[in-house]
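Protein chains: 2
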Amino acid sequence: MTSRYWSDVARELSPYVPGEQPKLGSLIKLNTNENPYPPSPQVSAAISEELTRLRLYPDPNSERLREGLARHFKLSVDQVFVGNGSDEVLAHVFLGLLAQDEPVLFPDITYSFYPAYCALYGVDYEEIPLSEDFEIRLSDYRRLNGGIIFPNPNAPTGRALSRESIRGLLEHNTESVVVIDEAYVDFGAESVVELISEFPNLLVVQTLSKSRALAGLRVGYALGDADLIEALDRVKNSFNSYPVDRLAQAGALAAIEDQAYFEEKRLAVMATRDRLVADLQGLGFEVLPSAANFVFARHPEHDANDLQQGLRARRVLVRHFDATRIDQFLRISVGTEEDSAALMVALRELIG
Amino acid sequence: MTSRYWSDVARELSPYVPGEQPKLGSLIKLNTNENPYPPSPQVSAAISEELTRLRLYPDPNSERLREGLARHFKLSVDQVFVGNGSDEVLAHVFLGLLAQDEPVLFPDITYSFYPAYCALYGVDYEEIPLSEDFEIRLSDYRRLNGGIIFPNPNAPTGRALSRESIRGLLEHNTESVVVIDEAYVDFGAESVVELISEFPNLLVVQTLSKSRALAGLRVGYALGDADLIEALDRVKNSFNSYPVDRLAQAGALAAIEDQAYFEEKRLAVMATRDRLVADLQGLGFEVLPSAANFVFARHPEHDANDLQQGLRARRVLVRHFDATRIDQFLRISVGTEEDSAALMVALRELIG
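Same order as they appear, the protein sequences are chains Z and B. Residues in the first sequence are numbered consecutively from 1, following this note's numbering. Residues in the second sequence are numbered consecutively from 1, following this note's numbering.
Mixed in with the good hints, there may be bad ones.
[To be verified] To give an idea of the interface, some chain Z residues facing chain B are shown, with a C-beta separation under 10 Å as derived from the structure:
#1 11
#2 36
#3 171
#4 172
[Said to hold, decoys possible] Sample of chain Z residues at the chain B side, in silico, Cβ under 8 Å:
#5 34
#6 38
#7 41
#8 168
#9 240
#10 243
Hints listed in this document are in silico derivations from the structure and should not be mistaken for laboratory results. Every residue gets a Cβ at the ideal spot worked out from N, C-alpha and C, and that includes glycine.
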């Protein structure tokens, strides 16, 4: 590769590496935090109905979907932004809101896409170390900054902060945007959406990929003051007028509106998680308290990379991050009860 | 709007304004260059089959779709990049390839998203005037530059350049990337895809929105030397790992593989265009020679904005650009024969 034609930006990037998406079937896939249950049956129905209109551009502003989200969260439609997965939404957040003179703050152990966005847009950042027991210490974020972002619950630790502790941060941090990335919030953490009316600098990002089981459809959204949403709209309209296709707009709306199905499945995932934690502890694992659809666990006597390889040989995929402080942990997505049982069989073979 | 929390980038943007997407039915929609025919029936079939897998992330690299495109164009898979519509592909092209020290060159009258990308990424650019009769004069592009981009056929004029004339440009311009935006090429212009093997700095961008009738599905792609494609991949993987959802990957592949349907429909559009041009000329319009699925026309005695408003009142949408040099033109998408007939009825009422 010569790269003689690349821009300086292209040369200097550190792209994000997503979890493996195996093409072979019959693997037990606990490596990318997908929901083990299918989406609401209303989703397929809505998408099938939309198939007759594919020749026409989608609504560039996703009005019906945004109205549905606004109704669901008791916000107004100008407080809602939607994008092609929460990854795209976050990219626009970094460029439109977090590209400031002062560095943006995020945890040293967190969603590893954040530094990739910073490299893409030349955003200065500072990583704030988690505590010894892998908690976000909000007192460490009380310093001059160009913005603050972290997931709640955090990834890949699964640990959550309370709404009141985030309120405390917002009361002190009024001069820059605070982004709470709630990708996993529906599995047991407290959302801060209800604080949006109080804090004009609070932006909440969520996704339909996890609790709504639509990872394959790519829809994420941001909720916040209309002024913050307008910045995202301006970036979006300078990037891609139609980021959410017709089928995604229709399917996402159907998923949001089927609240009963959503409640049933998220509670099922949480129940399986709690049993999985107990099973792992029974095998000697230390498991961080999880409010997400994954657990973060290490075994005092077994190397994490060896365990991941051993599980892979037994057709169970989990994720291992070869990164400082967490290289002895495995991140294990919560699947079905059958997935947990298969995982435990494989782990017992490895750990015995 | 206070905008106190926006980044400088967000403050200084000049977002693109897409054509109107009316929510009411029963309008004759000749304003956004959509295909009047539905996509291949294979598309719905492929999408329906994929609906059972929505809970799982899509292939982040769209391998099967890229393999299908590579087969179709007789390229290798590492010469193919796909994205969420050609608008997203173009955005990555501007950041990954065209953000250079020297200005990028494009026509003064062209796809109006190009300057929006430049504002988004701080790319310097120079607009090269079209000739008096609205042609791209390639001799004007023989100057120091950080890249060259134009649509072929150009939009909104519809005028095309020959493959040999673009070869001449490439022979002279070897130090920067030349991007040919072939959104409309299937309606009668010569593609330069076959020149990719000769010129490592040639990138061709196409879309499934027009000739494949999939505007609602959002799939575009770039074809070029593997080195250029790698730059786009690096940007994409720093922006959004999964830009093309499962349904879009499946539907796009089905559309590419149904070549017979594609040929039938693009020839139908071209035949309707040629009759429409004759009809408009019969009413006294000057019509630029079009190799696209739209025509660009002005009437010596009737104001273009008045005509657009008059057509709208008669439920026919066409596009008018309030821009220097072209404010007396209408851009009229080619629809069905019935659409043309309705347009002509309305125009005869207005001009009669």
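Holds or violated: is the Cβ of residue 243 of chain Z closer than 8 Å to a Cβ in chain B? Holds - the Cβ of residue 243 of chain Z comes within 8 Å of chain B, reaching about 6 Å at its closest.
Using the nearest Cβ pair, does residue 240 of chain Z come within less than 8 Å of chain B? With a minimum Cβ separation of about 4 Å from chain B (threshold 8 Å), the hint on residue 240 of chain Z holds.
Does the interface hint hold: is residue 41 of chain Z within less than 8 Å of chain B, judged Cβ to Cβ? violated, 10 Å
Hey, does the residue 36 of chain Z contact hint survive, CB to chain B under 10 Å? With a minimum Cβ separation of about 8 Å from chain B (threshold 10 Å), the hint on residue 36 of chain Z holds.
Does the CB of residue 172 of chain Z sit less than 10 Å away from some CB of chain B? Residue 172 of chain Z check fails; min Cβ-Cβ to chain B is 16 Å, beyond 10 Å.
Does the interface hint hold: is residue 11 of chain Z within less than 10 Å of chain B, judged Cβ to Cβ? Cβ of residue 11 of chain Z sits 8 Å from chain B, so the hint holds.
Holds or violated: residue 38 of chain Z as interface residue toward chain B, Cβ cutoff 8 Å? Since the shortest Cβ distance to chain B is 5 Å, the answer is holds.
Interface hint status, residue 171 of chain Z versus chain B (Cβ within 10 Å): Constraint on residue 171 of chain Z not satisfied, violated at 17 Å.
For the hint on residue 168 of chain Z, does the least C-beta distance to chain B fall short of 8 Å? violated, 20 Å
Using Cβ atoms only, decide whether residue 34 of chain Z comes closer than 8 Å to chain B, and label the hint accordingly. holds, 6 Å
Of the numbered hints stated above, those contradicted by the structure are hints 3, 4, 7, 8, listed in ascending order.
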